[in-house]
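Asks: Sequences listed follow chains A and B, in order. Each residue of the first sequence is one higher than the one before, counting from 119 in my numbering. Each residue of the second sequence is one higher than the one before, counting from 16 in my numbering.
Source of the hints: derived by calculation from the structure; they are not laboratory data. Nothing here was measured: the structure is a model prediction, and the numbers come from that model. Hints may be right or wrong, so weigh each one.
Said to hold, decoys possible - Below, computed lysine-lysine pairings styled on BS3-like, alpha-carbon distance capped at 30 Å: (1) A:322 to A:264; (2) B:172 to A:353; (3) A:323 to A:293; (4) A:323 to A:265; (5) A:353 to B:136; (6) A:297 to B:86; (7) A:322 to B:94; (8) B:114 to B:150; (9) B:84 to A:264; (10) B:84 to A:265; (11) B:94 to A:264; (12) A:297 to B:84.
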Amino acid sequence: MSIQIIKQGMADSIQDNGRYGYQHLGINPNGVMDPIAATAANLLVGNDLNDAVLEMHFPASVILFKQQSLIAICGADLLAMINDVFVPVNTPIIIEKNCVLHFKKPLSGARTYLAVKGGFDLQPWLGSYSTNTKAVAGGFEGRNLKKHDEIRFRAAVQKYDAVLNGKDCEILQWKASVKNFYAAGNILRITTGSEYDWLNEDAKKLLLSSSFTISNQSDRMGYRMKGDNLAIENKQQLISTAVTKGTLQLLPDGQFIILMADHQTTGGYPKIAHVISADIPTLAQLNAGEKIQFNIIGQQEAEGILFDQQQQLQQLQNACSFPLLKFKQQYAIN
Amino acid sequence: MKSPLPYHILPLGDHALTIELGNSIDASVNQNCIAVFHQLKQAGLAFVKDIIPAYASVTVVYDVTAIRKEKPSAYLFMKEKLEILLAGMDLDQPVSHRKIEIPVCYDLSLGIDLQEMSQEKNMSIEEIIQMHTNKSYRVFMIGFLPGFAYMGSVDEKIITARRIQPRTNVAAGSVGIAGEQTGIYPLDSPGGWNIIGQTPLKLFDAKRENPVLLEAGDMVSFTAIDINEFHIIKGSI
Chain A
119 MSIQIIKQGM ADSIQDNGRY GYQHLGINPN GVMDPIAATA ANLLVGNDLN DAVLEMHFPA
179 SVILFKQQSL IAICGADLLA MINDVFVPVN TPIIIEKNCV LHFKKPLSGA RTYLAVKGGF
239 DLQPWLGSYS TNTKAVAGGF EGRNLKKHDE IRFRAAVQKY DAVLNGKDCE ILQWKASVKN
299 FYAAGNILRI TTGSEYDWLN EDAKKLLLSS SFTISNQSDR MGYRMKGDNL AIENKQQLIS
359 TAVTKGTLQL LPDGQFIILM ADHQTTGGYP KIAHVISADI PTLAQLNAGE KIQFNIIGQQ
419 EAEGILFDQQ QQLQQLQNAC SFPLLKFKQQ YAIN
Chain B
16 MKSPLPYHIL PLGDHALTIE LGNSIDASVN QNCIAVFHQL KQAGLAFVKD IIPAYASVTV
76 VYDVTAIRKE KPSAYLFMKE KLEILLAGMD LDQPVSHRKI EIPVCYDLSL GIDLQEMSQE
136 KNMSIEEIIQ MHTNKSYRVF MIGFLPGFAY MGSVDEKIIT ARRIQPRTNV AAGSVGIAGE
196 QTGIYPLDSP GGWNIIGQTP LKLFDAKREN PVLLEAGDMV SFTAIDINEF HIIKGSI
């Protein structure tokens with residue numbers, strides 16, 4: 119059985135944790151913008167943490183469920199409803215067959231993730247379910263989802279009649295608390311880039327003291343930032359090298375772009391800094407118009423924060439697997 | 016005799032590092048990058064997610080969390096591993112390059128900037144085509160788009176700066192010149208290169224087992240075909 123898109127969202131796509139091993143061919147990793155939210159959605163329904171999820175923005179897809187399902191919605195709170203019942207984020211939910219999941223209003227965050235128990239029945243491309251819209255490959259037909267698309271489930275049909283008891287949905291009684299995974303106050307931590315020292319002293323100060331606004335020209339490829347111009351002393355031409363998610367590329371006009379999940383594999387602009395991996399989820403949940411500030415930390419510290427984050431995610435998985443197991447036992451579900 | 020390899024390792028964010036082997040667009044520097052890329056791939060290092068050669072560098076993307084489970088620093092661990100491998104590398108071995116011939120139709124309907132280039136350079140279109148087909152080009156690196164090969168260097172007489180106004184759509188297969196580089200658009204894409212022709216071959220095809228035709232280190236030459244041959248080859252792919 120399956121879900122069907124009955125109204126197209128703005129730019130909704132299938133993603134997993136990314137496609138690695140092909141950047142030497144110019145094929146970039148893609149993958150979810152917010153790996154914390156995507157992982158939380160998967161762990162709440164008991165999936166593999168790298169299973170494909172549906173990444174959505176507001177206005178989001180309207181989705182018809184053609185079978186009973188265990189689902190979770192994590193990330194941005196877009197005021198989700200199942201038929202006429204409000205349902206929370208970060209909580210497992212059982213949805214009845216022929217019910218419609220829709221989103222009313224963006225309350226917080228920029229991207230929300232839908233995981234269904236058992237995952238989606240799709241063909242991986244080069245080892246990943248992530249959508250590469252440029253290559254028109256991966257995900258669902260290599261493109262964003264549109265009206266009438268039907269995505270089949272991988273797992274066998276489960277019966278949740280006893281849980282639903284005639285209702286459209288049942289909100290289960292545990293949550294994945296993810297607040298602590300996100301940086302407070304829109305202050306993102308960065309490490310210095312290979313051309314950081316090209317910035318003059320004023321520019322170095324501005325990078326840390328000034329706030330920068332996410333412009334409208336921001337998407338899955340990168341966030342174009344607006345703020346004080348950062349001047350460089352070295353005007354020499356750089357030759358292209360590999361870039362990565364989180365790289366701050368300084369443009370000739372003194373403004374910069376922060377590379378996100380769909381970034382190109384190489385670039386020739388000065389790399390002045392890098393948002394640390396652990397703060398990418400925070401950045402992924404910010405919208406155009408929001409302001410951010412930066413704080414420089416060391417390479418080792420950045421690694422340590424990422425490692426701790428992954429450990430906490432592991433603990434969260436353990437904490438959520440227990441109630442899920444009890445629930446399955448109670449209703450004799452696989 | 017092994018000659019020591021001049022290099023410099025620096026972090027790229029908190030989950031990758033770049034081995035810099037030079038700072039110019041130069042065939043011998045690039046040759047070292049390709050050799051390092053192949054030898055690192057062959058070494059099959061644990062925790063490595065991607066190895067990305069560029070003009071004068073090789074970047075290694077690694078799994079920080081997995082390394083940190085065993086070592087205090089993922090960066091220092093990878094750096095040390097790479098230093099040992101680099102010290103043992105023999106880069107003076109003769110290397111074989113794949114030689115790839117690419118048919119290109121330089122018909123004015125496809126080489127949409129040929130006329131302008133011809134006027135600007137005060138050269139006939141035939142001369143431009145002859146210069147472009149006269150030599151073979153090194154694929155310095157792949158980037159920008161899946162399978163986009165940066166090749167060089169063109170004869171200095173046909174060096175042409177990027178267009179001031181990039182086009183919103185350049186057709187897949189279009190062969191272009193930007194500065195001293197020549198390249199082929201693998202997909203329909205916005206682009207600012209000067210388009211001199213089009214190949215009927217697919218530089219990128221997601222359905223192929225190896226979706227990308229050209230790889231860094233390949234030597235590429237272009238053969239002129241007419242518009243009829245172009246359509247015959249295109250129709251047969």
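Asks: Determine for every hint whether it applies to the structure shown.
Replies: Consistency of the hints with the structure:
1. The suggested pairing of residue 322 of chain A with residue 264 of chain A is violated, with an alpha-carbon distance near 45 Å, which exceeds 30 Å.
2. Of the supplied pair hints, the one linking residue 172 of chain B and residue 353 of chain A holds, its CA atoms being roughly 27 Å apart against a limit of 30 Å.
3. This hinted pair does not check out: residue 323 of chain A and residue 293 of chain A have alpha carbons roughly 41 Å apart, beyond 30 Å.
4. For the suggested pair residue 323 of chain A and residue 265 of chain A, the alpha carbons sit about 49 Å apart, so the restraint of at most 30 Å is broken.
5. As the CA atoms of residue 353 of chain A and residue 136 of chain B are separated by approximately 29 Å, the hinted pair is consistent with the 30 Å bound.
6. In summary, the hint linking residue 297 of chain A to residue 86 of chain B is supported, as the alpha carbons are separated by about 28 Å, within the 30 Å threshold.
7. Restraint check for residue 322 of chain A and residue 94 of chain B: satisfied, since their Cα atoms lie roughly 27 Å apart, inside the 30 Å limit.
8. Our distance criterion of 30 Å between C-alpha atoms is met by residue 114 of chain B and residue 150 of chain B, whose separation comes to about 12 Å.
9. Distance check on the hinted pair: residue 84 of chain B and residue 264 of chain A sit about 42 Å apart at the alpha-carbon level, beyond 30 Å; violated.
10. For the hint linking residue 84 of chain B to residue 265 of chain A, the alpha-carbon distance of about 45 Å lies beyond 30 Å, and the restraint is violated.
11. A distance of roughly 45 Å separates the Cα atoms of residue 94 of chain B and residue 264 of chain A; the hinted pair therefore is violated under the 30 Å criterion.
12. Distance hint between residue 297 of chain A and residue 84 of chain B is fulfilled; the C-alpha atoms sit about 24 Å from each other, no more than 30 Å.
In summary, the numbered hints that this structure violates are 1, 3, 4, 9, 10 and 11.
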